[in-house]
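> Take a look at the letters that make up each chain.
Number of protein chains: 2
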Amino acid sequence: MVTIKDVAKRAGVSTSTVSRALSGNIPVSEETKKKVMKAVKELNYQPNVLAKGLKLGRSKTLGLLIPNVRDLVFPAAIRGIEDTANKYGYTVVLCNTDEDIEREKIYINSLRRRLIDGFIISTARPGHKHLLELNNEGFPMVFLIRRIKGNFDAVTADNFQGAYDATKYLLSRGLKNIALVNGSLDILLYRERFKGYKKALEEANIPLNNDIVIHNVYGWEDGYKAMATLLEQKLKVDAVFATSDPKAIGVIRAIKDYGLSVPDDISVMGFDDLDVVGLLDPPLTTVSQPFYNMGVAACEMLIRIIEAKRRPKPMIKTLPCKLNIRSSVR
Amino acid sequence: MVTIKDVAKRAGVSTSTVSRALSGNIPVSEETKKKVMKAVKELNYQPNVLAKGLKLGRSKTLGLLIPNVRDLVFPAAIRGIEDTANKYGYTVVLCNTDEDIEREKIYINSLRRRLIDGFIISTARPGHKHLLELNNEGFPMVFLIRRIKGNFDAVTADNFQGAYDATKYLLSRGLKNIALVNGSLDILLYRERFKGYKKALEEANIPLNNDIVIHNVYGWEDGYKAMATLLEQKLKVDAVFATSDPKAIGVIRAIKDYGLSVPDDISVMGFDDLDVVGLLDPPLTTVSQPFYNMGVAACEMLIRIIEAKRRPKPMIKTLPCKLNIRSSVR
DNA sequence: AACGATTGTGCAAACGATTGCATTACACAA
DNA sequence: TTGTGTAATGCAATCGTTTGCACAATCGTT
Numbered sequence: 023m024v025t026i027k028d029v030a031k032r033a034g035v036s037t038s039t040v041s042r043a044l045s046g047n048i049p050v051s052e053e054t055k056k057k058v059m060k061a062v063k064e065l066n067y068q069p070n071v072l073a074k075g076l077k078l079g080r081s082k083t084l085g086l087l088i089p090n091v092r093d094l095v096f097p098a099a100i101r102g103i104e105d106t107a108n109k110y111g112y113t114v115v116l117c118n119t120d121e122d123i124e125r126e127k128i129y130i131n132s133l134r135r136r137l138i139d140g141f142i143i144s145t146a147r148p149g150h151k152h153l154l155e156l157n158n159e160g161f162p163m164v165f166l167i168r169r170i171k172g173n174f175d176a177v178t179a180d181n182f183q184g185a186y187d188a189t190k191y192l193l194s195r196g197l198k199n200i201a202l203v204n205g206s207l208d209i210l211l212y213r214e215r216f217k218g219y220k221k222a223l224e225e226a227n228i229p230l231n232n233d234i235v236i237h238n239v240y241g242w243e244d245g246y247k248a249m250a251t252l253l254e255q256k257l258k259v260d261a262v263f264a265t266s267d268p269k270a271i272g273v274i275r276a277i278k279d280y281g282l283s284v285p286d287d288i289s290v291m292g293f294d295d296l297d298v299v300g301l302l303d304p305p306l307t308t309v310s311q312p313f314y315n316m317g318v319a320a321c322e323m324l325i326r327i328i329e330a331k332r333r334p335k336p337m338i339k340t341l342p343c344k345l346n347i348r349s350s351v352r
Numbered sequence: 023m024v025t026i027k028d029v030a031k032r033a034g035v036s037t038s039t040v041s042r043a044l045s046g047n048i049p050v051s052e053e054t055k056k057k058v059m060k061a062v063k064e065l066n067y068q069p070n071v072l073a074k075g076l077k078l079g080r081s082k083t084l085g086l087l088i089p090n091v092r093d094l095v096f097p098a099a100i101r102g103i104e105d106t107a108n109k110y111g112y113t114v115v116l117c118n119t120d121e122d123i124e125r126e127k128i129y130i131n132s133l134r135r136r137l138i139d140g141f142i143i144s145t146a147r148p149g150h151k152h153l154l155e156l157n158n159e160g161f162p163m164v165f166l167i168r169r170i171k172g173n174f175d176a177v178t179a180d181n182f183q184g185a186y187d188a189t190k191y192l193l194s195r196g197l198k199n200i201a202l203v204n205g206s207l208d209i210l211l212y213r214e215r216f217k218g219y220k221k222a223l224e225e226a227n228i229p230l231n232n233d234i235v236i237h238n239v240y241g242w243e244d245g246y247k248a249m250a251t252l253l254e255q256k257l258k259v260d261a262v263f264a265t266s267d268p269k270a271i272g273v274i275r276a277i278k279d280y281g282l283s284v285p286d287d288i289s290v291m292g293f294d295d296l297d298v299v300g301l302l303d304p305p306l307t308t309v310s311q312p313f314y315n316m317g318v319a320a321c322e323m324l325i326r327i328i329e330a331k332r333r334p335k336p337m338i339k340t341l342p343c344k345l346n347i348r349s350s351v352r
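Note that the protein sequences, when read in sequence, are chains V and Y.
So for the first sequence, this note's numbering puts the first residue at 23; every next one is plus one.
So for the second sequence, this note's numbering puts the first residue at 23; every next one is plus one.
It should be emphasised that the hints constitute simulated quantities derived from the structure, not laboratory data.
Quick caveat: nothing in here was measured; it's all calculated off a predicted structure.
Treat the hints with care, since some could be wrong.
Note that the list lumps identical chains together, so a pair holds whenever it fits in one copy or between two copies.
[Said to hold, decoys possible] In silico BS3-like cross-links for lysine-lysine, where the CA-CA straight-line distance does not exceed 27 Å: (1) LYS60 with LYS127; (2) LYS190 with LYS247; (3) LYS190 with LYS217; (4) LYS82 with LYS151; (5) LYS190 with LYS63.
Build the full structure now, drawing on both the sequences and the hints.
Set out below in structure tokens:
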């Protein structure tokens with residue numbers, strides 16, 4: 023490997039001068055700068071990131087904590103993060119926590135030994151004390167997609183508005199008995215979506231019917247069960263708003279299995295707009311979250327925090343969702 | 023941060039002793055070892071990976087080169103890699119190349135500045151000269167999923183056997199006119215799958231009908247077009263073997279759009295068994311690739327290469343595929 | 001003409017680990 | 001007693017950077 027010493031020798035200057043010429047922080051005469059650049063080119067010098075990191079105490083590395091890459095919500099966001107990190111010369115390390123706090127702690131620890139510069143966290147749940155501690159230390163971190171209440175940096179979708187728009191749209195299609203198949207209210211974003219749903223009903227003067235709202239639904243299997251329950255009870259339902267696409271997939275399968283048709287008998291609205299849902303039968307009408315852009319925004323925010331001299335005030339960036347109308351709503 | 027010096031001071035020994043006690047490579051008396059361990063515990067000492075990496079010239083970091091995380095083939099493999107790397111104390115850096123050689127070269131370069139220990143490569147295509155160079159240097163690398171001809175370390179599925187079994191199965195269901203919707207023959211794995219298909223037909227004494235084999239199909243849109251062409255030509259087809267699930271998805275949509283039914287009119291067989299294809303309508307019968315285990319195997323192979331004193335002989339590990347029978351074949 | 005500012009450069013000390021070599025202490029044999 | 005061997009430890013150099021400090025040269029001011 024060619025080091026800064028080789029460059030210095032070739033350019034006939036000291037290593038300090040090379041370092042300064044390269045960083046540009048400290049003035050170096052035009053002439054020597056030219057000599058240095060020439061030597062750098064000729065030798066194809068590439069600074070050793072580890073050495074630099076050791077000296078500076080930072081590694082130009084970012085940690086990304088997610089529950090599981092296989093969850094289809096994440097790949098697009100990861101891509102946004104990765105592209106952005108790369109643009110600014112950072113490298114990103116992916117960590118799958120499986121929603122396991124111990125695993126998460128171990129990851130955080132082992133990355134800190136590598137002098138990681140900051141974290142993007144998509145695993146937030148209430149009661150993650152270790153994250154609060156990290157934040158109190160002033161360690162750079164931003165929440166992505168999921169966040170927790172409080173004064174933290176975060177990038178999320180506008181979950182309230184997305185749910186509100188979706189419900190409004192269902193209402194505008196003449197659908198009145200809109201069931202809600204929702205996730206756990208422990209998670210902030212499901213609370214927000216619930217609020218959006220309620221607000222839209224309220225504005226339409228439709229009372230909330232608790233018989234047809236189901237919470238704590240996770241994944242398509244649960245979605246299937248929730249819908250099956252609804253159908254068994256013979257409740258009047260002409261549309262279902264499932265607050266994530268996997269739930270919607272389960273809901274659709276249940277409706278089909280009960281011999282009914284989507285959207286002729288029951289309309290279904292999803293939330294997320296995962297890459298695959300346009301390929302379903304019928305193609306799913308759903309609220310589109312800008313995952314890629316959320317990844318970009320989170321990464322830029324984190325890098326800004328890392329590179330600032332003083333920690334900027336925490337801010338929550340909320341990106342708008344938009345309806346992606348396909349064919350699962352009549 | 024607590025350093026090895028702090029530990030040394032607390033234990034009343036030199037840093038060298040601490041280092042030796044910790045690594046275990048060089049004998050240290052039981053008594054001092056105990057003292058050192060005690061100090062380590064009390065101070066919660068975590069060695070600085072960058073410093074160690076700088077000194078040793080290795081970083082305990084692995085690079086993973088894939089075309090795109092959003093391609094559903096990869097998440098499961100990534101997960102396998104990640105879990106394994108983690109188990110051995112390695113960290114993995116994800117790189118999306120978008121099949122762009124320049125991007126790939128830049129990534130490889132920038133990771134080498136970080137003293138990366140090795141690469142897992144899923145982007146192989148013929149004519150990737152820079153990969154050959156890397157290999158000639160003796161740099162640790164293993165191909166995953168895709169590989170190129172030659173004497174390289176690699177982990178792949180048994181593409182020949184998978185395609186052979188799939189075709190056999192279609193034949194066993196009484197399907198005779200089996201169209202093939204295949205990828206580019208530039209890519210080794212599609213050549214293998216083509217061979218498996220031909221072998222099965224041959225054994226059943228069915229001559230290869232080139233009118234119903236289509237190559238160079240990429241993604242679901244192309245799959246749709248390929249199937250549409252077949253249907254337009256009114257060729258006799260009672261089954262389609264699509265050599266990747268996205269192609270199969272396109273094929274199914276085309277069949278439906280032409281007013282026919284899967285599997286009643288035409289059966290469809292896929293290849294990959296992506297996480298979502300069980301949720302399609304009809305659930306896809308497909309050849310299941312053990313992506314997770316392939317990731318695990320590739321990562322273990324790479325780590326073995328990295329940690330060996332002498333580079334072991336290149337080996338190609340081929341994992342079996344198995345048929346996942348659902349409902350798209352009658 | 002003398003003096004302080006300013007600018008450009010080099011020396012050498014860090015960053016936190018590992019390791020070859022030297023040193024010490026001790027046991028044992030001659 | 002002396003010498004040799006062995007085991008345990010410490011010293012100091014090293015990995016490739018950055019940067020505080022010192023110094024030299026140049027310039028403008030009084």
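> If a hint holds in the structure, say so; if it does not, say that too.
Evaluated hints:
In this homomeric assembly, LYS60 and LYS127 come within 27 Å of each other (Cα to Cα) only across copies, at 22 Å, whereas the closest approach inside a single copy is 46 Å. Taking identical chains as interchangeable, the C-alpha atoms of LYS190 and LYS247 lie at most 27 Å apart only when both belong to the same chain, with a minimum of 26 Å there against 37 Å between chains. With identical chains, the CA atoms of LYS190 and LYS217 are at most 27 Å apart within one copy only, with a shortest distance of 13 Å there and 54 Å across copies. Taking CA atoms no more than 27 Å apart as the test, LYS82 paired with LYS151 passes inside one copy only; the shortest distance there is 26 Å, against 29 Å between copies.
In this assembly of identical chains, the alpha carbons of LYS190 and LYS63 never lie at most 27 Å apart, being 61 Å within a copy and 59 Å across copies at closest.
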